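J.: The lines below spell out each chain.
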Amino acid sequence: MSFPESSRATQGLVIDEQLIFERPPGACSGASLPEAGVPESDPAGEIPEEYLRGEIEGMPCLYEPEVVRHFVRLSQLNWSLDTGFYPLGSCTMKYNPKSSEAAARLPGFAHVHPLLAEEKTQGALELMWRLERALAEITGFEAVTLQPAAGAHGELTGMLIIRAAHVAKGKPRHKVLVPDSAHGTNPATSAFAGFSVVELKSGPHGYLEPETVAAAMDEDVAGIMLTNPNTLGIFESNIAKIAKIVHAKGGYVYGDGANLNALLGRARPGDLGVDVMHMNLHKTFATPHGGGGPGAGPVGVVKELEPFLPAPVVIKDGERYRLQFDRPQSIGRMRTFWGNFGVLVRAWAYIRELGPQGLKAVSDLAVLNANYVRALLEEAYHLPYETASLHEVVLSDKKQKEHGVTTMDIAKRLIDHGFHPPTIYFPLIVGGALMIEPTETESKANVEAFAAAMKSIAQEAKEAPEAVKAAPTRAYRERLDEVKAARKPVLRWKPLGEV
Amino acid sequence: MASVPTSLKYTKDHEWVKVEGNIATIGVTAFAAEQLGDVVYVELPKVGAQAKAGATMGVVESTKAVSDVFFPVSGTIKEANEPLADAPETINQDPYEKGWFIKVEMSDASELEKLWDAPKYEEHVKASAH
Chain A
118 MSFPESSRAT
128 QGLVIDEQLI
138 FERPPGACSG
148 ASLPEAGVPE
158 SDPAGEIPEE
168 YLRGEIEGMP
178 CLYEPEVVRH
188 FVRLSQLNWS
198 LDTGFYPLGS
208 CTMKYNPKSS
218 EAAARLPGFA
228 HVHPLLAEEK
238 TQGALELMWR
248 LERALAEITG
258 FEAVTLQPAA
268 GAHGELTGML
278 IIRAAHVAKG
288 KPRHKVLVPD
298 SAHGTNPATS
308 AFAGFSVVEL
318 KSGPHGYLEP
328 ETVAAAMDED
338 VAGIMLTNPN
348 TLGIFESNIA
358 KIAKIVHAKG
368 GYVYGDGANL
378 NALLGRARPG
388 DLGVDVMHMN
398 LHKTFATPHG
408 GGGPGAGPVG
418 VVKELEPFLP
428 APVVIKDGER
438 YRLQFDRPQS
448 IGRMRTFWGN
458 FGVLVRAWAY
468 IRELGPQGLK
478 AVSDLAVLNA
488 NYVRALLEEA
498 YHLPYETASL
508 HEVVLSDKKQ
518 KEHGVTTMDI
528 AKRLIDHGFH
538 PPTIYFPLIV
548 GGALMIEPTE
558 TESKANVEAF
568 AAAMKSIAQE
578 AKEAPEAVKA
588 APTRAYRERL
598 DEVKAARKPV
608 LRWKPLGEV
Chain B
-10 MASVPTSLKY
0 TKDHEWVKVE
10 GNIATIGVTA
20 FAAEQLGDVV
30 YVELPKVGAQ
40 AKAGATMGVV
50 ESTKAVSDVF
60 FPVSGTIKEA
70 NEPLADAPET
80 INQDPYEKGW
90 FIKVEMSDAS
100 ELEKLWDAPK
110 YEEHVKASAH
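Chains as they are written, first to last, in the numbering used here: chain A, 118 to 616; chain B, -10 to 119.
Simulated crosslink set (EDC-like; lysine to aspartate or glutamate; CA at most 16 Å straight-line): (1) 605(A) <-> 27(B); (2) 109(B) <-> 2(B); (3) 318(A) <-> 2(B); (4) 605(A) <-> 75(B); (5) 286(A) <-> 423(A); (6) 605(A) <-> 50(B); (7) 318(A) <-> 297(A); (8) 518(A) <-> 583(A); (9) 601(A) <-> 78(B); (10) 605(A) <-> 78(B); (11) 579(A) <-> 519(A); (12) 601(A) <-> 50(B); (13) 318(A) <-> 328(A); (14) 518(A) <-> 23(B); (15) 601(A) <-> 75(B); (16) 215(A) <-> 470(A); (17) 1(B) <-> 111(B); (18) 288(A) <-> 336(A); (19) 601(A) <-> 27(B).
Since the hints were derived computationally from the structure, they do not count as laboratory data. Please read all numbers here as calculations on a predicted model, not as lab measurements.
Turn these sequences into a full structure, and let the hints guide you.
T.: Set out below in structure tokens:
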């Protein structure tokens, strides 16, 4: 049986989409434009010749339905939370409730313009004011800014606040302590904020020992950046002692709150000695993420640091809400207008829908699911740190390596089993790490199905390692040559035959 | 695991040093290359620049991670293995010969005393395999 080439893209209703530039070129247009209504002008008279071209080689001939179908088909090749399980450790890929989406699409929120007069945006300003206070209550801080656009942006905001606080005391400091179990963005943020980074080794149990901090702490250390729970999914149980050591020498404790999903309603970083912390609305508070955003990384601070928050902040003036710009010690603006406002609406809807008991249940179930994965897999896979896990668990390929099977092979084989792989080769302090974060939104049955796939791969690694190394065999594309792609990247499309 | 050449000296960060007169040739060990996985990019220091023992010498990027490489000794950089830029896989294929990074004219030969011999490095590798 043979088919004409044109039907290839949807054979068997399975999508096999070409690049759009691989469609036949031609001089046609999918749009019918009306008469311009103004005199035509010759581009050659307006634009230098070297920037002009008469035609685009290989420009495909497309009309509207083809363009729509092209991008819809591409979108259907994508794997998402709405498609299936997505256990990327550190990323908190939880389901995004559609009720939050509905709230963000209410016309009053979706169409509001940030340059409208304050009396016309009272609802939006009130939402921001209330969200700031809800986040402060959840995390134990005095005040919160909603400006940062994402987690790392929140980190930068926090570290600039710490820098400004030292400068205000007349004693700028130059170093920041960062443990090796912190998020990779922490040392990058410190460096970007102008500090030099001192790396601290985490202890044998997977968390930081107070003595390590005491030995590195001096009066040139601006502060410490602590991810808690850390990238091993382990609670930094010495945090109160560490905060005391840092505070005694005049430093501040920055908390990376990206893993706040483990703590809701159970522990408040502000009560544990943390001075400034960002939280990721797009992780803990279930707003969509992946693919570059948009996210939101609000930052909470203790009372002492409040004057340094980015301006403007929303204040309540009698019964009215307004933006306060007059803040002389502020580090300045970190984001235009109101930050990523749509994300703020979704997070507020999520917090209000769940309420205090619901948020506590979020963390309880997230921790339970991670520990269930651990209990199901700790025999089949090596568990490098036995300290209790919180919201995620880190395993390694140590047992499978005896048969020549690596973490990369295991991850590829999971695709054949219908699961998105977990985060791999991170954190760096575990060789061949498999970092699994199921989140609270997976059912017991889903967690068990994932664990069954992982166990079956461990078994296969012993009995038929070659099959694991050949994976994926059932995916849309078989194993890609990632090494070649990195060594000889082709970054621009060229007509076929010229590559 | 590949054997560790006894003619070289080593650091705890998995660099090797070959000493010929006052010239030190520097690279990363087979163990380091294996841990990194397929190397896809190398950044080497400029010829003529100063090397300072313990400072960052360059960057090695694999499909798994980006790692710093450190100067084991101080001195002046006399030569860099330019072909590595186009063939970073050499570091995986031949770490002790064609995969060398740079040659340094040493300014302080006493720094060599702090480096390890092959048996000591081998012990370190055994202990650090997590």
